Amino acid sequence: MEKTQILGGYTRCGKQIIRFKFVEGLQKLAKARLDENVSKIRFARDSIHHNHLIQSFKRNIFFVDVSYRFRYDDSEKFNEKSAMDPTLLKSYSYHLPEELIAKKPASPRDSSRLMVIERSSGTIRIGIFRDLLSLVGPHDRFVVNNTKVFKARLLGMKPGTGGKCEVFLLKEISKGRWQALVRPGKKMPHGTVVEFSPHFYCQILDTLPDGSRIVQFPQEVDVLQQTSLLGHIPLPHYIQRDADDPQDEKDYQTSFASRVGANAAPTAGLHFTDELVSALKNKGNAFFEVTLHVGLGTFRPVQVEDIREHKMHSEWCEITSETASALNQACRGREIAVGTTSCRTLESFADERGQLSSGCHETDIFIYPGYRFKRTNALLTNFHLPESSLLMLVSAFAGPELIKEAYSKAIEERMRFYSYGDAMLIL
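Reading the sequence shown from the start, the letters are residues 0 to 426 in numbering that gives the first Met the number 0.
Hints were generated in silico from the structure; no laboratory data involved. Hints are supplied without guarantee of correctness; some may be wrong.
Computed Cβ-Cβ distance ranges for the label pairs, DEER-style [as the list claims (entries may be wrong)]:
{"#": "1", "residue 1": "N327", "residue 2": "P208", "range": "34 to 40 Å"}
{"#": "2", "residue 1": "K282", "residue 2": "C359", "range": "27 to 33 Å"}
{"#": "3", "residue 1": "T272", "residue 2": "R371", "range": "40 to 46 Å"}
{"#": "4", "residue 1": "P107", "residue 2": "M311", "range": "30 to 36 Å"}
{"#": "5", "residue 1": "P197", "residue 2": "R371", "range": "52 to 58 Å"}
{"#": "6", "residue 1": "N327", "residue 2": "N281", "range": "23 to 29 Å"}
{"#": "7", "residue 1": "H189", "residue 2": "E117", "range": "28 to 34 Å"}
{"#": "8", "residue 1": "H189", "residue 2": "C359", "range": "28 to 34 Å"}
{"#": "9", "residue 1": "H236", "residue 2": "E308", "range": "20 to 26 Å"}
{"#": "10", "residue 1": "G353", "residue 2": "T272", "range": "27 to 33 Å"}
{"#": "11", "residue 1": "S277", "residue 2": "H189", "range": "27 to 33 Å"}
{"#": "12", "residue 1": "G190", "residue 2": "A278", "range": "54 to 60 Å"}
{"#": "13", "residue 1": "S277", "residue 2": "G190", "range": "51 to 57 Å"}
{"#": "14", "residue 1": "P137", "residue 2": "H236", "range": "25 to 31 Å"}
Keeping only pairs whose Cα atoms sit at most 20 Å apart, straight-line, the calculated EDC-like set for lysine to aspartate or glutamate is [unchecked claim]:
{"#": "15", "residue 1": "K150", "residue 2": "E248"}
{"#": "16", "residue 1": "K147", "residue 2": "E288"}
{"#": "17", "residue 1": "K103", "residue 2": "E194"}
{"#": "18", "residue 1": "K102", "residue 2": "D247"}
{"#": "19", "residue 1": "K170", "residue 2": "D221"}
This structure is a prediction, so every number in the text was calculated from the model and none was measured. Glycine is no exception: its CB is placed at the ideal position from the N, C-alpha and C atoms.
Construct the complete structure from the given sequences, taking the supplied hints into account.
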């Protein structure tokens, strides 16, 4: 075989994902993780058998990540732009083996694994979350989201017919009036009453353009108090449970949770234990709280091919004047946003000079590659769903190619993904 260039990416061998990085020469074969069980790798215009591939490796075959897409190219030079266009949705696709989706958190929380990414050098290493104590400097400060998940899922029935239905509360609009998701939607026209207990019910008033509903509870009823008694924790769809697990009520809250209003936990904060926070504070690290009530849109995949056309969901957020003032005056060390929600809050309140204002508002800030970060200079986060706005945010912060490499390494190393999974620190 003549000297050839192949643009490759990922292929499957059963449930195993084989990743081919940009490698040159036989000495890097191990890093490419070319498995002996792979009999064939298919390309758009060619098929190369394993034994032929090994022989050809000596003749400088190159492999590079392009996320599920394969093509054959006999040109001498590799065009980097062709490998990944960060404005295209397909650039954020990846395959995750089902068994790597964490169904339960690590115990204790700070025993989860931590991937550390150095943006300046491109190095990636893996340790334990409690290693954070040795990874941060004494003047580094953490910005955490203090939102608290409430039992937003209400299971009820229609009086008279007894038909079962679900009302998923999203956000309060005014006293007793909420935006909600209703199921089964087609059988729940305007005016339908849903009863959750003899004294707790709501009426469906209207439908919003996004398909959600406006529901009205009696104004004299404390809705959040009733949901705490009758509601269910809104776990993400990928954490499958046959029935409610009381442990989730504790596990799916961060140690900073104090302000009720979220449909989902700010999951980067789930890794902190009280002991680790105390140790960090004793070292000199300060913790500052902001609030962003995480909505269901955090799990919603982007559905447009050109991600620049995506319309972000809005979420209520707040930075107090005391917090804004303290952060603006801090001049030493790094400011570590704990989670994408803390990052989005900081970026929403920062001006072009990076100075924070205070107050509260609805933010629909959408951060993707090309965005210039005004405030955040370090980010602690989890591993996110494919084609999600959260994956686009971390790609904007660290660079799409480095994040692609990091996710591939996380899969190789059998790290745990999503809400109850492991963490990533980007410096």
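Evaluation of the provided hints:
1. N327 x P208: 34 to 40 Å: For P208 against N327, whose Cβ atoms are near 38 Å apart, the range 34 to 40 Å holds.
2. K282 x C359: 27 to 33 Å: Holds - the Cβ-Cβ distance for K282 and C359, about 32 Å, lies within 27 to 33 Å.
3. T272 x R371: 40 to 46 Å: Since T272 and R371 have Cβ atoms about 35 Å apart, the given range 40 to 46 Å is violated.
4. P107 x M311: 30 to 36 Å: 35 Å, holds
5. P197 x R371: 52 to 58 Å: Roughly 55 Å apart at Cβ, these two residues keep to the hinted range, so it holds.
6. N327 x N281: 23 to 29 Å: 25 Å, holds
7. H189 x E117: 28 to 34 Å: Distance hint for H189, E117 is violated at roughly 55 Å.
8. H189 x C359: 28 to 34 Å: 31 Å, holds
9. H236 x E308: 20 to 26 Å: This hint holds: roughly 25 Å between Cβ atoms.
10. G353 x T272: 27 to 33 Å: Cβ of G353 to Cβ of T272: about 31 Å, so the range 27 to 33 Å holds.
11. S277 x H189: 27 to 33 Å: 52 Å, violated
12. G190 x A278: 54 to 60 Å: About 56 Å separates the Cβ atoms of G190 and A278, which means 54 to 60 Å holds.
13. S277 x G190: 51 to 57 Å: At roughly 54 Å between Cβ atoms, G190 and S277 fall inside 51 to 57 Å, so the hint holds.
14. P137 x H236: 25 to 31 Å: 41 Å, violated
15. K150 x E248: Status holds; Cα separation ~9 Å.
16. K147 x E288: 12 Å, holds
17. K103 x E194: 32 Å, violated
18. K102 x D247: 10 Å, holds
19. K170 x D221: 14 Å, holds
This entry does not satisfy hints 3, 7, 11, 14, 17, going by the numbered hints stated previously.
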